[in-house]
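Those sequence lines, one after another, are chains A and B.
Everything in the first sequence is counted per the working numbering, starting at 509 for the first residue and increasing by one.
Everything in the second sequence is counted per the working numbering, starting at 4 for the first residue and increasing by one.
These are computed hints drawn from the structure, not numbers from a lab.
Only a predicted model underlies this, so the values are computations on that prediction, with no experimental measurement involved.
Cβ coordinates follow ideal geometry from the N, Cα and C atoms, glycine included.
Treat the hints with caution; some may be incorrect.
To be verified - To spell it out: a stretch of chain B is covered by chain A in this simulated footprint if at least three of its residues, at any positions, have a beta carbon under 8 angstroms from a beta carbon of chain A; those stretches are:
#1 106-114
#2 130-136
Claimed, not checked - Computed far set for chain B versus chain A, every beta-carbon distance over 12 angstroms:
#3 G31
#4 S37
#5 I43
#6 S54
#7 M71
#8 F79
#9 I84
#10 E91
#11 Y117
#12 P209
#13 S250
#14 Q255
To be verified - Here's a subset of chain B near chain A, in silico, CB distances under 7 angstroms, partners left out:
#15 H90
#16 T93
#17 R94
#18 L118
#19 A119
#20 G122
#21 V123
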Amino acid sequence: MSEFAGKDRIAARSVGRSEVGAGHALFGLALLAYPAVASDFFLTQIGGLSLIEGMIALSLMTLAGYGGMVSLAQLSVAGIAGYVVAILGHNDTGVQGYDWPWAVTVPLAILAAAATSALIGWISARTSGIYTIMITLAIATAVFYFAQQNYVIFNGHSGFAGIPAPVFFGEDWRAPVPFYYLCLFAAAASYAGVLYVRRSTFGLTVQGMRDNERRMRALGFSVILHKVFAWFLSGIVAGIAGVLLVWFHGRISPSSIDVAASLNILVMAVIGGLRHPIGPFVGALVVVLLQTFASDLVGAERFNTLIGLTFLIIVYISDDGILGLWRQFAPRFDHADRSAG
Amino acid sequence: MSERAVLPKMLEAGAFALELSGVSRRFGALAALSNVTLRIAVGERRAVLGSNGAGKTTLFNVVTGDFMATAGRIRFFGEDITALPAHERTRLGLRRTYQISLLFSRLTVVDNVYLACRGVSRRRLSLLRPRPSGPVMEQAFSILQAVRLDDVANVEVALLSHGQKRQLEIGMALAGAPRFILFDEPAAGLSPAEREDLVAVLNALPRHIGYIIIEHDLDVALRVASFVSMMHNGAVFKEGAPEEIESDPEVQQIYLGGAHA
Ligand SMILES: Nc1ncnc2c1ncn2[C@@H]1O[C@H](COP(=O)(O)OP(=O)(O)OP(=O)(O)O)[C@@H](O)[C@H]1O
Ligand SMILES: [Mg+2]
Chain A
509 MSEFAGKDRI AARSVGRSEV GAGHALFGLA LLAYPAVASD FFLTQIGGLS
559 LIEGMIALSL MTLAGYGGMV SLAQLSVAGI AGYVVAILGH NDTGVQGYDW
609 PWAVTVPLAI LAAAATSALI GWISARTSGI YTIMITLAIA TAVFYFAQQN
659 YVIFNGHSGF AGIPAPVFFG EDWRAPVPFY YLCLFAAAAS YAGVLYVRRS
709 TFGLTVQGMR DNERRMRALG FSVILHKVFA WFLSGIVAGI AGVLLVWFHG
759 RISPSSIDVA ASLNILVMAV IGGLRHPIGP FVGALVVVLL QTFASDLVGA
809 ERFNTLIGLT FLIIVYISDD GILGLWRQFA PRFDHADRSA G
Chain B
4 MSERAVLPKM LEAGAFALEL SGVSRRFGAL AALSNVTLRI AVGERRAVLG
54 SNGAGKTTLF NVVTGDFMAT AGRIRFFGED ITALPAHERT RLGLRRTYQI
104 SLLFSRLTVV DNVYLACRGV SRRRLSLLRP RPSGPVMEQA FSILQAVRLD
154 DVANVEVALL SHGQKRQLEI GMALAGAPRF ILFDEPAAGL SPAEREDLVA
204 VLNALPRHIG YIIIEHDLDV ALRVASFVSM MHNGAVFKEG APEEIESDPE
254 VQQIYLGGAH A
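All chains, full assembly: derive it from the sequences and hints.
So, in structure tokens, the structure goes:
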């Protein structure tokens, strides 16, 4: 980069760093008003599902984008939360199902997911780059086979069905409109949390480890502790999404967390962009739209080809997914957010 | 404050900030450091000179604990630190800069210094944002002023010039309460004007902070240090006042022998 380009950027960057501007307000209003125009199908199958899968991709993006640790196991983490809800709460399968109230199962499910994520982080903390990807892929595969072959806890291949969403405040929270708002609330809270924490003391230490782990150690930080905590926090987001996902489908089985589905989460995050927490949601929306309508366009069996092609094209023309393209065409957005990394 | 209070007492007692006795470091068959004995008084500022591969950076790595010594003892303000891990030496007030900058390239300048300050203080896991008026941020900004980077505080480090990155390296070494600093070729690649800045920054450091500076450029080294150690092949072979060293035939032999970087 030339001296001059550098100076321009410097000038732009050192002025205000407003993170939540008019763009956010407009976008938020549009999302709130969406049920007024959307059919039930578009509310849940497109809206709700994109928000949920976006949260799982967000869990991956925070580790990858801020920490430089690419995890293929975040869907497994979400799956743990789903299984906890199915096992401790109600299901119609006749296996397990202790009918504990949701106010107990949901916090336990999220905690179990976060603890699992922290454990995976601890296991992979000494690796970096491609080795982190390999280890987390191995863990995702192991979780899948364990769930499939264990009948005592996970009910093996068939898993659990008939898992209801709770009814409270006089609403059935699986009805399209309430469910959409529930997802929107959870997604917005996760998104805002990530936006805030990335500039917190802890958030800066995570980005410091990404840029230069050796220097962080020399400065007096315990790198392993900071990594494990980052995985724990990211696991909370995946866990919340896992609870919503099991309410959405009403069932969970090993096929919900197989390796292909795990890779899809990575595809969403990369298609959307890894440098800003809105990216994973954009990527999730694109993939959910393709998944839903690809069969009409190219036939169901060619669906993966279409996703793959989309992926290739976007990675080829942009350095950071759809967000990267957006930055090229809307430079003002760039100045507000690039410096956050 | 307390450090300054104990300083005169330590000087009286003839105490040393850093004391190496018979320190060696091997890499397989290569003796990168052999039997180095070095004593640096509290508050003293020392230059280490030597050709490429003489073992200067290895000396620093062994003192900071980046590498462990394979033989010998190291004392820091009287305390034996030979077996102490690197981050604990940092907490004792030992700092260093790196020959090749090791910075957080995608964070801003002030965030780099902030992390350096936070590393030696508490609440490292806080999920709250640092308060701009808090003591740690305030320290970060006063360091930025000391190394003349306050006007680029919010710039991403990747966009800095080489000279600014070298200054930031120094700034990060000033975080917390440093008692002794190891500067590894801070002037490398700097323009003549930037060298003047560097000399000014070093000479403006509080008197109680001692340091060792590795520097090929005698002009710079002799203006910021009062005593010189010459290294060659992993050993210290000559020590003396700058004038003695400058006129020493053996030194001239090595330096004019084409060892300049
Ligand atoms: N990690 C290492 N592994 C193996 N050999 C090393 C290592 N670090 C340094 N050496 C070797 O030790 C010797 C001394 O290296 P050192 O980096 O200390 O020299 P230096 O005096 O700092 O030189 P320069 O002026 O080039 O920075 C060299 O021969 C070098 O190749
Ligand atoms: Mg060196």
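Hint-by-hint comparison with the structure:
no.	hint	result
1	106-114	holds (count 7)
2	130-136	holds (count 4)
3	G31	holds (22 angstroms)
4	S37	holds (25 angstroms)
5	I43	holds (21 angstroms)
6	S54	holds (26 angstroms)
7	M71	holds (15 angstroms)
8	F79	holds (15 angstroms)
9	I84	holds (15 angstroms)
10	E91	violated (8 angstroms)
11	Y117	violated (7 angstroms)
12	P209	holds (21 angstroms)
13	S250	holds (38 angstroms)
14	Q255	holds (36 angstroms)
15	H90	holds (5 angstroms)
16	T93	holds (5 angstroms)
17	R94	holds (6 angstroms)
18	L118	holds (5 angstroms)
19	A119	holds (5 angstroms)
20	G122	holds (3 angstroms)
21	V123	holds (5 angstroms)
Hint violations for this structure: numbers 10 and 11, all remaining hints satisfied.
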